[in-house]
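Protein chains: 2
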Amino acid sequence: MNTKEAVNKLNELELKEFALGHAMGIMSYDDETVAPKTSYIPRGKTMGVLSEMSYNLSTGEEAMGLLDYLKEHMDELSAEDRRRVEIRDKQARELRAIPVDEYVAYSELTNEASGVWREAKNKSDYKLFEPYLGKIVDFQRRFAGYAAPDRDPYDYMLDLYEEGLTQEKCEVFFRSLRERIVPLLERVKAAEPVDTGLLSTPFPIPAQRELAHRLMTIEGLPEESVIIGEVEHPFSTGFSKYDNRITTHYYEDNFASSMYSLLHEGGHALYDMHSDDRYSFTSLNGGVSMGVHESQSRFYENIIGRSREFVELARPVLTELCPALNAYSGEQMWRAFNAAAPSLIRTEADELTYPLHIMVRYEMEKAMVKGDVKTAELPEMWNALYKEYLGIDVPDDKNGILQDSHWSGGAIGYFPSYALGSAYGAQLLCKMSETLDVAGAVREGNLSKISRWLEEKIWKYGCLLKPAELMERAFEGPFDPNHYTDYLEKKFAEAYNL
Amino acid sequence: MNTKEAVNKLNELELKEFALGHAMGIMSYDDETVAPKTSYIPRGKTMGVLSEMSYNLSTGEEAMGLLDYLKEHMDELSAEDRRRVEIRDKQARELRAIPVDEYVAYSELTNEASGVWREAKNKSDYKLFEPYLGKIVDFQRRFAGYAAPDRDPYDYMLDLYEEGLTQEKCEVFFRSLRERIVPLLERVKAAEPVDTGLLSTPFPIPAQRELAHRLMTIEGLPEESVIIGEVEHPFSTGFSKYDNRITTHYYEDNFASSMYSLLHEGGHALYDMHSDDRYSFTSLNGGVSMGVHESQSRFYENIIGRSREFVELARPVLTELCPALNAYSGEQMWRAFNAAAPSLIRTEADELTYPLHIMVRYEMEKAMVKGDVKTAELPEMWNALYKEYLGIDVPDDKNGILQDSHWSGGAIGYFPSYALGSAYGAQLLCKMSETLDVAGAVREGNLSKISRWLEEKIWKYGCLLKPAELMERAFEGPFDPNHYTDYLEKKFAEAYNL
Numbered sequence: 001m002n003t004k005e006a007v008n009k010l011n012e013l014e015l016k017e018f019a020l021g022h023a024m025g026i027m028s029y030d031d032e033t034v035a036p037k038t039s040y041i042p043r044g045k046t047m048g049v050l051s052e053m054s055y056n057l058s059t060g061e062e063a064m065g066l067l068d069y070l071k072e073h074m075d076e077l078s079a080e081d082r083r084r085v086e087i088r089d090k091q092a093r094e095l096r097a098i099p100v101d102e103y104v105a106y107s108e109l110t111n112e113a114s115g116v117w118r119e120a121k122n123k124s125d126y127k128l129f130e131p132y133l134g135k136i137v138d139f140q141r142r143f144a145g146y147a148a149p150d151r152d153p154y155d156y157m158l159d160l161y162e163e164g165l166t167q168e169k170c171e172v173f174f175r176s177l178r179e180r181i182v183p184l185l186e187r188v189k190a191a192e193p194v195d196t197g198l199l200s201t202p203f204p205i206p207a208q209r210e211l212a213h214r215l216m217t218i219e220g221l222p223e224e225s226v227i228i229g230e231v232e233h234p235f236s237t238g239f240s241k242y243d244n245r246i247t248t249h250y251y252e253d254n255f256a257s258s259m260y261s262l263l264h265e266g267g268h269a270l271y272d273m274h275s276d277d278r279y280s281f282t283s284l285n286g287g288v289s290m291g292v293h294e295s296q297s298r299f300y301e302n303i304i305g306r307s308r309e310f311v312e313l314a315r316p317v318l319t320e321l322c323p324a325l326n327a328y329s330g331e332q333m334w335r336a337f338n339a340a341a342p343s344l345i346r347t348e349a350d351e352l353t354y355p356l357h358i359m360v361r362y363e364m365e366k367a368m369v370k371g372d373v374k375t376a377e378l379p380e381m382w383n384a385l386y387k388e389y390l391g392i393d394v395p396d397d398k399n400g401i402l403q404d405s406h407w408s409g410g411a412i413g414y415f416p417s418y419a420l421g422s423a424y425g426a427q428l429l430c431k432m433s434e435t436l437d438v439a440g441a442v443r444e445g446n447l448s449k450i451s452r453w454l455e456e457k458i459w460k461y462g463c464l465l466k467p468a469e470l471m472e473r474a475f476e477g478p479f480d481p482n483h484y485t486d487y488l489e490k491k492f493a494e495a496y497n498l
Numbered sequence: 001m002n003t004k005e006a007v008n009k010l011n012e013l014e015l016k017e018f019a020l021g022h023a024m025g026i027m028s029y030d031d032e033t034v035a036p037k038t039s040y041i042p043r044g045k046t047m048g049v050l051s052e053m054s055y056n057l058s059t060g061e062e063a064m065g066l067l068d069y070l071k072e073h074m075d076e077l078s079a080e081d082r083r084r085v086e087i088r089d090k091q092a093r094e095l096r097a098i099p100v101d102e103y104v105a106y107s108e109l110t111n112e113a114s115g116v117w118r119e120a121k122n123k124s125d126y127k128l129f130e131p132y133l134g135k136i137v138d139f140q141r142r143f144a145g146y147a148a149p150d151r152d153p154y155d156y157m158l159d160l161y162e163e164g165l166t167q168e169k170c171e172v173f174f175r176s177l178r179e180r181i182v183p184l185l186e187r188v189k190a191a192e193p194v195d196t197g198l199l200s201t202p203f204p205i206p207a208q209r210e211l212a213h214r215l216m217t218i219e220g221l222p223e224e225s226v227i228i229g230e231v232e233h234p235f236s237t238g239f240s241k242y243d244n245r246i247t248t249h250y251y252e253d254n255f256a257s258s259m260y261s262l263l264h265e266g267g268h269a270l271y272d273m274h275s276d277d278r279y280s281f282t283s284l285n286g287g288v289s290m291g292v293h294e295s296q297s298r299f300y301e302n303i304i305g306r307s308r309e310f311v312e313l314a315r316p317v318l319t320e321l322c323p324a325l326n327a328y329s330g331e332q333m334w335r336a337f338n339a340a341a342p343s344l345i346r347t348e349a350d351e352l353t354y355p356l357h358i359m360v361r362y363e364m365e366k367a368m369v370k371g372d373v374k375t376a377e378l379p380e381m382w383n384a385l386y387k388e389y390l391g392i393d394v395p396d397d398k399n400g401i402l403q404d405s406h407w408s409g410g411a412i413g414y415f416p417s418y419a420l421g422s423a424y425g426a427q428l429l430c431k432m433s434e435t436l437d438v439a440g441a442v443r444e445g446n447l448s449k450i451s452r453w454l455e456e457k458i459w460k461y462g463c464l465l466k467p468a469e470l471m472e473r474a475f476e477g478p479f480d481p482n483h484y485t486d487y488l489e490k491k492f493a494e495a496y497n498l
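For the record, the sequence lines run as chains Z and V.
Mapping to my numbering: the first sequence position 249 is 249, numbers consecutive.
Mapping to my numbering: the second sequence position 292 is 292, numbers consecutive.
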């Protein structure tokens with residue numbers, strides 16, 4: 001075997017990994033959008049088999065032999081191929097540490113847990129979900145122990161979603177947010193309330209579906225390669241640049257919920273779709289981390305989507321599809337879309353209180369992974385944290401600890417990336433504004449100017465650069481969360497005439 | 001290895017085969033129902049990889065060694081396990097005859113061809129599809145040559161869909177149909193026409209969706225394990241008894257199209273769902289052949305669904321959901337649903353002319369496989385056969401040769417099973433009527449009596465018995481197509497007062 005042959009073998013291997021991931025991803029999408037209730041039985045079996053195949057493929061003798069060969073010939077490889085080897089090496093070390101039977105059992109558990117979580121949420125009955133959550137945390141803690149016995153398990157989990165993130169960094173980051181957001185929120189609460197009546201204007205669901213398609217076009221998502229699914233808990237998923245799915249939900253009396261979830265998921269899809277063409281069907285394709293991913297989705301949702309200019313751009317579409325909205329000016333809409341107040345549901349939260357929802361989850365996850373709190377007592381802890389951070393009482397588990405799907409799927413350590421992403425986004429806006437009239441581009445409906453900037457600085461790299469390096473290059477300097485808090489202060493001072 | 005261990009290994013192997021088939025099946029369903037246009041690119045790659053995995057799994061050294069062991073220990077196996085060995089042996093011989101690279105290339109070709117066929121149909125442009133059809137026929141002919149070099153290739157293909165079926169049997173069968181259906185159709189054409197105006201009563205699509213769910217319930221399909229998808233060309237697909245999907249299309253001015261396609265696909269789903277529980281996730285699960293499958297689907301669509309009693313049963317639902325239909329009596333509806341006249345589209349054809357549509361396709365396939373006709377000349381041949389068999393002119397390829405999806409997916413040899421299934425169904429009705437008041441069961445809305453009979457005689461066997469043996473046991477005698485032509489003569493004499 002020479003180096004060229006080894007790279008060809010690497011391409012073949014990664015195509016196979018793509019195929020298994022693709023099949024499992026489509027099955028999950030099908031599950032979330034249409035599959036019948038009892039389908040979890042065969043799906044559990046199939047997911048178990050495919051996970052095992054995937055595990056064996058990625059960590060089997062052939063793959064490991066290839067990896068060893070490539071590691072010995074790093075100096076002959078391109079920068080791209082070196083990064084592929086580095087990614088594989090890290091993943092293989094982590095995966096091989098986990099016994100295959102545990103890996104398969106875990107995959108079957110999370111498949112089952114996602115159905116149970118949905119039922120528990122519908123019934124607002126945490127007790128149903130509790131044993132599953134307990135087992136998932138146990139598995140995750142054990143996996144962390146296998147893969148990184150010398151590290152703190154929660155640090156290991158954070159790193160899975162944002163390479164390089166630690167509790168130490170989180171503490172600094174969240175403290176700096178708390179110090180400025182909590183007093184800002186106090187000022188907002190003391191200010192004259194914004195009239196949010198227009199948000200409950202009845203907006204027929206077929207018209208909201210049409211709105212979703214119009215927004216997709218404005219955002220620059222091509223209909224031929226992106227579809228919109230309907231789900232309870234919106235998410236996005238992509239299988240190469242040729243197949244992306246964003247999802248949303250429609251409530252007749254809350255059109256903004258669908259509107260902004262669509263812009264959010266659309267941001268994820270844009271990032272996923274614009275990796276360099278040469279990365280297709282390799283491990284370099286797609287987003288590099290959850291933090292960077294959220295920086296893109298929250299950029300389109302909030303920084304663009306909740307700007308005055310975007311609201312003015314969207315207003316004619318909104319009034320065409322829902323004439324009752326003609327009663328409101330663009331200014332009134334903008335204020336309503338930016339109304340801030342403590343609330344129960346993260347995904348419906350405003351831009352200002354959102355990071356507080358994340359901090360609750362961060363504290364919860366820390367405690368769960370440390371084992372500081374019994375699973376039976378988690379709802380109590382959740383409710384106490386909402387009282388402490390947001391000043392509100394949680395009426396039931398459906399509107400409390402059961403609201404998010406993440407933990408049921410095993411995603412512990414994911415949440416902090418949402419807040420980090422918001423902060424990345426604000427710093428990207430500053431940098432972008434040095435060379436681009438961002439507000440002007442939105443005003444003229446030419447979002448492609450913004451997209452091209454992001455493609456050039458972020459998207460095209462796929463997974464080539466580590467997240468921190470990618471962002472520092474884009475920022476041309478270190479990450480500084482003050483851009484985010486400055487942005488929030490400026491915006492809410494304006495929206496609330498502070 | 002002892003026999004028990006070998007059977008355990010067989011179970012494991014068949015579960016893996018199920019998983020790969022399941023994943024590919026969900027991806028196909030996703031393709032047909034929702035996937036974005038350009039998704040064929042990654043899906044083609046993934047289908048190629050999964051097909052290759054499946055091929056290697058089923059025909060690799062381990063599987064073949066196991067098969068050899070089991071064949072040497074047949075006398076120690078249960079009847080079920082002996083049949084599994086027999087099925088595997090036949091399939092493995094057929095598969096191993098095909099070189100893996102051709103198998104993969106073929107799988108990628110049909111994935112691409114299905115997108116091209118759809119486009120060609122939309123544009124009514126056969127030229128787009130022609131090269132794909134040519135290649136598919138070439139592949140199929142070559143595969144037949146590899147697998148059964150001593151047999152006629154089209155006989156080999158017929159046997160894939162209906163074990164034991166040959167052109168010789170088809171010729172006898174179709175001749176016996178032609179001799180009685182053609183004169184019967186002449187009498188119908190000469191009779192006073194039935195008023196079919198009610199069929200174009202505008203029936204809003206949301207109400208048709210509700211109708212589909214009501215019919216599903218009447219037919220005995222549980223909502224928790226069966227969903228209804230919307231597609232251009234209805235089909236059904238099942239992944240164990242816990243996950244079945246039937247599909248339909250809705251035309252506002254043709255509610256009967258959706259109504260009867262739903263009953264048809266529901267018949268497939270009922271058969272698929274009711275294999276003996278012990279067969280789950282083994283090769284014995286599900287329907288044994290396309291002919292038997294169609295016997296069930298067409299039984300529910302026509303023999304039950306187009307009976308006087310069923311129309312009376314459905315009438316209150318129809319008038320509730322579409323009050324304009326109150327203008328018509330059950331008798332008028334029954335006659336309209338059974339109106340017979342030559343037409344262009346197979347899936348919309350009435351029960352009487354339907355087999356003539358099949359005969360056209362049978363003649364086409366025979367000629368294609370023999371190579372008697374150039375692919376460029378196939379539309380001409382199609383149109384000439386429609387003129388000869390049905391007496392009508394085909395205006396364009398969309399309403400002609402491009403109407404069916406089968407050939408684009410590589411299904412050559414499938415069509416005859418539709419006619420065979422209709423004939424099986426009529427003979428089942430005769431037999432069932434000896435011990436069950438079929439009309440009475442429908443009248444009281446108790447279709448489960450009929451389903452239990454079919455479950456006992458057909459469904460529960462899964463693939464345990466060969467199709468001909470299964471049917472002969474159910475008939476308690478040989479297959480005789482005169483039951484079918486007797487049934488058609490009686491029904492249409494009544495509907496047209498002949």
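These aren't lab readings, by the way, just hints derived from the structure by calculation.
None of these values were measured; they are calculated from a predicted model.
There may be inaccurate statements among the hints.
For lysine-lysine, the following BS3-like pairs were computed, each having C-alpha atoms within a straight-line distance of at most 25 Å [stated by the list, open to error]: (1) Z:K398 - Z:K90; (2) V:K374 - V:K398; (3) Z:K37 - Z:K366; (4) Z:K135 - Z:K460; (5) Z:K37 - V:K370; (6) V:K37 - Z:K460.
Non-contacting residues of chain V with respect to chain Z, defined by C-beta distances greater than 10 Å in every case (computed) [as the list claims (entries may be wrong)]: (7) Y29; (8) V116; (9) R151; (10) E179; (11) D243; (12) L498.
For each label pair, taking beta carbons as the anchor points, the in silico distance ranges come out as [as the list claims (entries may be wrong)]: (13) V:P316 - Z:A105: 44 to 52 Å; (14) V:V182 - Z:P202: 47 to 55 Å; (15) V:S176 - Z:A105: 53 to 61 Å; (16) V:A439 - Z:E102: 55 to 63 Å; (17) V:G145 - Z:G164: 57 to 65 Å.
Note that beta-carbon positions come from the ideal geometry of N, C-alpha and C, so glycine has one too.
Outcome of the hint check:
The suggested pairing of K398 (chain Z) with K90 (chain Z) is violated, with an alpha-carbon distance near 38 Å, which exceeds 25 Å. Using a Cα cut-off of 25 Å, the hinted pair K374 (chain V) and K398 (chain V) holds, with the two alpha carbons roughly 19 Å apart. Simply put, K37 (chain Z) and K366 (chain Z) have alpha-carbon atoms about 33 Å apart, too far for the 25 Å limit, and the pair is violated. Straight-line distance between C-alpha atoms of K135 (chain Z) and K460 (chain Z) comes to about 39 Å, which puts the hinted pair past the 25 Å bound.
Between K37 (chain Z) and K370 (chain V) the CA atoms are separated by roughly 47 Å; this puts the pair beyond 25 Å, and the hint is violated. Distance restraint check for K37 (chain V) and K460 (chain Z): the Cα-Cα separation of roughly 23 Å lies within the 25 Å cut-off, and the hinted pair is therefore satisfied. The claim that Y29 (chain V) is not at the interface with chain Z is violated, since a C-beta of that chain comes within 10 Å of its own (minimum 7 Å). V116 (chain V), annotated as away from the interface, keeps every beta carbon of chain Z farther than 10 Å; the closest lies near 15 Å.
With a least CB separation of 34 Å from chain Z, R151 (chain V) remains clear of the 10 Å interface cut-off, as annotated. Once the 10 Å rule is applied to beta carbons, E179 (chain V) is consistent with being away from chain Z; the minimum gap is 45 Å. Listed as outside the interface, D243 (chain V) is inconsistent with that label: its C-beta sits roughly 4 Å from the nearest C-beta of chain Z, within the 10 Å cut-off. With 10 Å as the threshold on Cβ separation, the claim that L498 (chain V) sits away from chain Z holds: the shortest Cβ distance comes to roughly 45 Å.
Take P316 (chain V) and A105 (chain Z): their Cβ atoms lie about 51 Å apart, and the range 44 to 52 Å holds. Checking the proposed 47 to 55 Å range against V182 (chain V) and P202 (chain Z) shows it is violated: the Cβ atoms sit about 60 Å from each other. Range check, S176 (chain V) to A105 (chain Z): about 58 Å between beta-carbon atoms, so the 53 to 61 Å window is met. Separated by about 58 Å at the C-beta atoms, A439 (chain V) and E102 (chain Z) satisfy the suggested range of 55 to 63 Å.
The supplied range of 57 to 65 Å is met by G145 (chain V) and G164 (chain Z), whose beta-carbon atoms lie about 59 Å from each other.
The earlier numbered hints that this structure contradicts are 1, 3, 4, 5, 7, 11, 14.
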